[in-house]
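With the sequences and hints as input, model every part of the structure.
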Amino acid sequence: MAKHKTPLLDQLESGPWPSFVSDIKQEAASRAKNEKGIDHQIAVDCPDDLLGVLEMSYNDGETHWKHGGIVGVFGYGGGVIGRYCDQPEMFPGVAHFHTVRVAQPMGMWYNTSFLRQLMDIWDLRGSGLTNMHGATGDIVLLGTSTPQLEEIFWEITHDMDVDLGGSGSNLRTPASCMGMSRCEYAMYDAQELCYNLTMEYQDELHRPAFPYKFKFKFDGCPNGCVAAIARSDMGFIGTFKGPIKINQETVAAYVGGEIAPNAGAHAGKDWGAFDIQAEVVDNCPSQCMSYEGGKLIMDHKECVRCMHCINTMPQALKIGDERGVSIMCGAKAPILDGPQMGSLLVPFIEADKDDDYQGIKDIIENVWDWWMDEGKNRERIGETMKRLGFAALAKAAGIAADPRHVQEPRHNPYISWKAEEVGGWDRDIAVYRERHQR
Amino acid sequence: MAFISSGYDPKKPMENRISDIGPRHFSEYLPPVIAKNFGKWDYHEILEPGVLCHTGESGDKAYTVRCGSARLITVTYIRELCDIADKYCGGHLRFTTRNNVEFILDDKQAALDLKAFLNEQKFDGGSFKFPVGGTGAGVTNIVHTQGWIHCHTPATDASGTVKATMDVVFDQFTDMKLPAPVRISMACCLNMCGAVHCSDIAILGIHRKPPLIDHEYLDNLCEIPLAVSACPTGAIRPSKIELGDKTYKTVAIKEERCMFCGNCYTMCPSLPLSDGEGDGIALMVGGKISNRMTQPAFSKVVVPFIPNEPPRWPTMTKVLKKILDTYAAEANKYERLGDWAGRIGWERFFEKCELEFSSHLIDDFRDPAYYTWRQTTQFKW
Numbered sequence: 001m002a003k004h005k006t007p008l009l010d011q012l013e014s015g016p017w018p019s020f021v022s023d024i025k026q027e028a029a030s031r032a033k034n035e036k037g038i039d040h041q042i043a044v045d046c047p048d049d050l051l052g053v054l055e056m057s058y059n060d061g062e063t064h065w066k067h068g069g070i071v072g073v074f075g076y077g078g079g080v081i082g083r084y085c086d087q088p089e090m091f092p093g094v095a096h097f098h099t100v101r102v103a104q105p106m107g108m109w110y111n112t113s114f115l116r117q118l119m120d121i122w123d124l125r126g127s128g129l130t131n132m133h134g135a136t137g138d139i140v141l142l143g144t145s146t147p148q149l150e151e152i153f154w155e156i157t158h159d160m161d162v163d164l165g166g167s168g169s170n171l172r173t174p175a176s177c178m179g180m181s182r183c184e185y186a187m188y189d190a191q192e193l194c195y196n197l198t199m200e201y202q203d204e205l206h207r208p209a210f211p212y213k214f215k216f217k218f219d220g221c222p223n224g225c226v227a228a229i230a231r232s233d234m235g236f237i238g239t240f241k242g243p244i245k246i247n248q249e250t251v252a253a254y255v256g257g258e259i260a261p262n263a264g265a266h267a268g269k270d271w272g273a274f275d276i277q278a279e280v281v282d283n284c285p286s287q288c289m290s291y292e293g294g295k296l297i298m299d300h301k302e303c304v305r306c307m308h309c310i311n312t313m314p315q316a317l318k319i320g321d322e323r324g325v326s327i328m329c330g331a332k333a334p335i336l337d338g339p340q341m342g343s344l345l346v347p348f349i350e351a352d353k354d355d356d357y358q359g360i361k362d363i364i365e366n367v368w369d370w371w372m373d374e375g376k377n378r379e380r381i382g383e384t385m386k387r388l389g390f391a392a393l394a395k396a397a398g399i400a401a402d403p404r405h406v407q408e409p410r411h412n413p414y415i416s417w418k419a420e421e422v423g424g425w426d427r428d429i430a431v432y433r434e435r436h437q438r
Numbered sequence: 439m440a441f442i443s444s445g446y447d448p449k450k451p452m453e454n455r456i457s458d459i460g461p462r463h464f465s466e467y468l469p470p471v472i473a474k475n476f477g478k479w480d481y482h483e484i485l486e487p488g489v490l491c492h493t494g495e496s497g498d499k500a501y502t503v504r505c506g507s508a509r510l511i512t513v514t515y516i517r518e519l520c521d522i523a524d525k526y527c528g529g530h531l532r533f534t535t536r537n538n539v540e541f542i543l544d545d546k547q548a549a550l551d552l553k554a555f556l557n558e559q560k561f562d563g564g565s566f567k568f569p570v571g572g573t574g575a576g577v578t579n580i581v582h583t584q585g586w587i588h589c590h591t592p593a594t595d596a597s598g599t600v601k602a603t604m605d606v607v608f609d610q611f612t613d614m615k616l617p618a619p620v621r622i623s624m625a626c627c628l629n630m631c632g633a634v635h636c637s638d639i640a641i642l643g644i645h646r647k648p649p650l651i652d653h654e655y656l657d658n659l660c661e662i663p664l665a666v667s668a669c670p671t672g673a674i675r676p677s678k679i680e681l682g683d684k685t686y687k688t689v690a691i692k693e694e695r696c697m698f699c700g701n702c703y704t705m706c707p708s709l710p711l712s713d714g715e716g717d718g719i720a721l722m723v724g725g726k727i728s729n730r731m732t733q734p735a736f737s738k739v740v741v742p743f744i745p746n747e748p749p750r751w752p753t754m755t756k757v758l759k760k761i762l763d764t765y766a767a768e769a770n771k772y773e774r775l776g777d778w779a780g781r782i783g784w785e786r787f788f789e790k791c792e793l794e795f796s797s798h799l800i801d802d803f804r805d806p807a808y809y810t811w812r813q814t815t816q817f818k819w
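Protein sequences appear in the order of chains G and U. In terms of the working numbering, the first sequence opens at residue 1 and continues consecutively. In terms of the working numbering, the second sequence opens at residue 439 and continues consecutively.
Derived by calculation from the structure, the hints in this document are not laboratory data. Predicted model only: the values in this text are computed from it and were never measured. Treat the hints loosely; a few may be bogus.
[Unchecked claim] Dumping the calculated EDC-like pairs for lysine to aspartate or glutamate here, alpha-carbon to alpha-carbon at most 20 Å:
hint, chain 1, residue 1, chain 2, residue 2
1, G, Lys318, G, Asp356
2, U, Lys647, G, Glu258
3, G, Lys36, U, Asp521
4, G, Lys3, U, Asp562
5, U, Lys615, G, Asp275
This is the structure in structure tokens:
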């Protein structure tokens with residue numbers, strides 16, 4: 001028997017898509033039944049109360065969660081989000097219902113022993129509810145009480161060898177695509193770079209020292225599966241310089257209909273026979289290719305690596321060999337100054353593990369030094385860039401101006417000339433007047 | 439309940455403390471076929487919806503079965519995923535960036551058997567537990583935020599709007615009949631923890647009324663200068679108010695300047711702005727992240743407001759489905775939703791999708807607004 005009547009939420013149990021309401025109900029039933037005899041450290045019926053408070057919001061159209069207070073674990077300034085219900089008498093099981101962020105393995109690969117161990121901790125010390133995963137990439141454990149925080153932290157660090165993620169004005173938990181582990185498009189080892197920088201910057205991740213949050217994301221190629229260009233203050237996107245490698249026999253197999261284009265992604269509808277001219281050549285944004293006499297010809301120097309031809313004929317076309325990373329800077333959601341995409345800061349840099357990625361770290365630290373000096377409280381680096389100009393960022397990062405930095409040159413002549421660029425600004429009005437009468 | 443200690447001693451917090459150890463290294467978790475072919479993959483194929491085959495340069499093949507799941511999932515559900523991974527995949531599984539779950543197998547028939555098994559699993563309420571799909575030119579799982587389940591600033595619910603939407607577009611999840619992938623994202627307020635601003639279709643919770651002011655408590659709960667500086671339009675100033683025989687330090691708000699962003703509430707809990715009547719949903723379309731063919735693009739607001747209609751938000755899902763169906767019927771192969779709208783012209787997009795255009799949809803926020811107005815005589819009747 002459910003603790004609270006939830007007639008509105010019950011309507012979300014039907015329909016094909018997995019119902020979170022059904023899942024929370026099965027968790028509530030499992031905790032009530034408690035076949036393993038667990039001595040639950042927070043209210044056994046918190047899933048029931050969570051449904052109760054959500055039903056209340058479905059009735060009145062308003063949230064019933066308050067701001068987080070300052071809760072966390074000793075010595076860290078992030079990783080735990082305080083959360084309190086604004087109707088604690090009605091829903092005591094969720095009166096204190098804090099979130100714990102746990103660092104996810106890069107690419108979100110797991111084995112079941114890791115997950116089962118974490119679930120055992122969360123069964124004992126938390127609500128039994130999770131997000132797999134949070135928007136930034138962490139494992140999100142949803143709902144526990146303050147006295148459990150140090151216990152959870154102790155158990156995950158001592159028993160599971162894993163740490164909390166980030167929150168607040170610090171480096172947020174970095175995230176990568178699955179990269180080389182299962183993708184032929186990966187132009188660098190996105191997971192390894194993500195892991196290396198995460199370990200290098202543990203202090204920045206756990207102890208807020210920045211003007212505001214800072215996110216790293218790592219996409220192995222310009223297809224952008226982790227949205228580095230839109231969702232990270234600093235995004236690392238794989239790129240290459242060498243020519244796309246073409247296997248003309250396999251191209252012919254696509255043209256002949258022996259291989260489904262785009263890896264079969266369009267198989268649900270009859271789009272007609274594959275037309276290499278219309279589907280590949282004419283769709284190339286830089287118009288750098290042609291199909292003549294049964295051969296695909298590319299002017300590689302003109303390629304902008306949009307990935308369309310490779311995506312469309314993955315068995316015939318392979319990424320070039322001289323590979324590295326483009327670094328984008330300043331992406332963020334609209335709060336406050338409107339949405340921003342990452343702007344290209346570094347067109348190409350090698351992701352060199354043998355050098356412990358030192359070239360990349362130098363750029364990161366230059367950028368951070370500049371932002372920590374110049375950024376205002378709660379100003380994302382994208383906003384600092386807008387306020388002070390891209391050139392200021394590039395100079396701080398130690399990157400020389402490059403036409404690749406702009407979509408097009410400026411529309412106005414208001415150039416911030418410096419005195420040293422114009423032979424100095426000190427002049428004598430008397431000398432001027434010798435040439436010009438008043 | 440008896441308190442069970444982990445071993446942590448609150449009197450000696452630094453004793454045997456372990457910190458700054460980061461995540462576990464991903465290489466511990468790779469299935470053998472993935473570890474063996476790491477960095478040496480040759481190509482991939484989508485064998486059928488939800489089933490991928492990756493072929494290594496070695497000739498090895500890894501078969502992936504992808505299923506959808508809610509983002510909000512329980513210990514019970516995750517243990518069920520583990521049971522499946524133990525039985526079929528040697529104890530390995532992965533999650534995608536869009537909340538899907540992937541099982542890796544090295545045999546094609548076993549993968550197809552697993553797909554059939556996953557599609558047979560249902561919750562007691564009747565919905566699928568692990569529907570297989572989310573590949574190729576279709577709608578994959580929705581990334582989203584917390585909403586009314588666990589957040590202090592939402593203007594709508596996240597899990598509920600996502601469930602209602604995925605039920606309506608379920609066929610596009612399990613089949614691959616769209617011109618290109620359609621990425622739907624959901625954020626329950628302008629903070630956009632989900633960063634939906636570059637999505638083919640974005641469901642966005644919005645507030646429409648200025649914050650209330652809890653004068654008697656504000657000075658105790660908030661730093662007034664922080665609340666003042668939080669306002670992007672300078673609508674908040676320090677003030678005093680007399681209530682009864684007491685004078686309170688507080689703030690005053692120039693309400694007509696408010697852009698309903700909620701940034702002040704983030705800084706000051708005495709400025710709540712959620713409101714059952716004022717809050718609801720805006721729909722944005724035409725964003726993308728991929729660099730394929732065209733450049734990454736922001737989503738554009740095409741429906742300024744739809745009231746919250748829990749539990750199933752029927753007006754929102756109807757409008758969203760109409761946009762999706764019109765795109766599916768009219769766009770060229772490979773053409774993303776925003777590229778299609780740009781090609782036919784946004785005036786035509788509104789006509790074809792039967793959407794009303796209003797002044798709310800003309801940008802008036804700072805400099806970027808100018809670049810969205812039409813500075814050409816090229817337009818369509």
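Status of the hints after comparison with the structure:
1. For a cut-off of 20 Å, the pair hint linking lysine 318 of chain G to aspartate 356 of chain G is broken: about 27 Å separates their Cα positions.
2. A threshold of 20 Å between alpha carbons decides the hint, and for lysine 647 of chain U with glutamate 258 of chain G the separation of about 59 Å lies outside it, so the pair is violated.
3. Our distance criterion of 20 Å between C-alpha atoms is met by lysine 36 of chain G and aspartate 521 of chain U, whose separation comes to about 17 Å.
4. Straight-line distance between C-alpha atoms of lysine 3 of chain G and aspartate 562 of chain U comes to about 18 Å, which keeps the hinted pair within the 20 Å bound.
5. Of the pairs offered as hints, the one joining lysine 615 of chain U and aspartate 275 of chain G holds, with about 18 Å between alpha carbons and a cut-off of 20 Å not exceeded.
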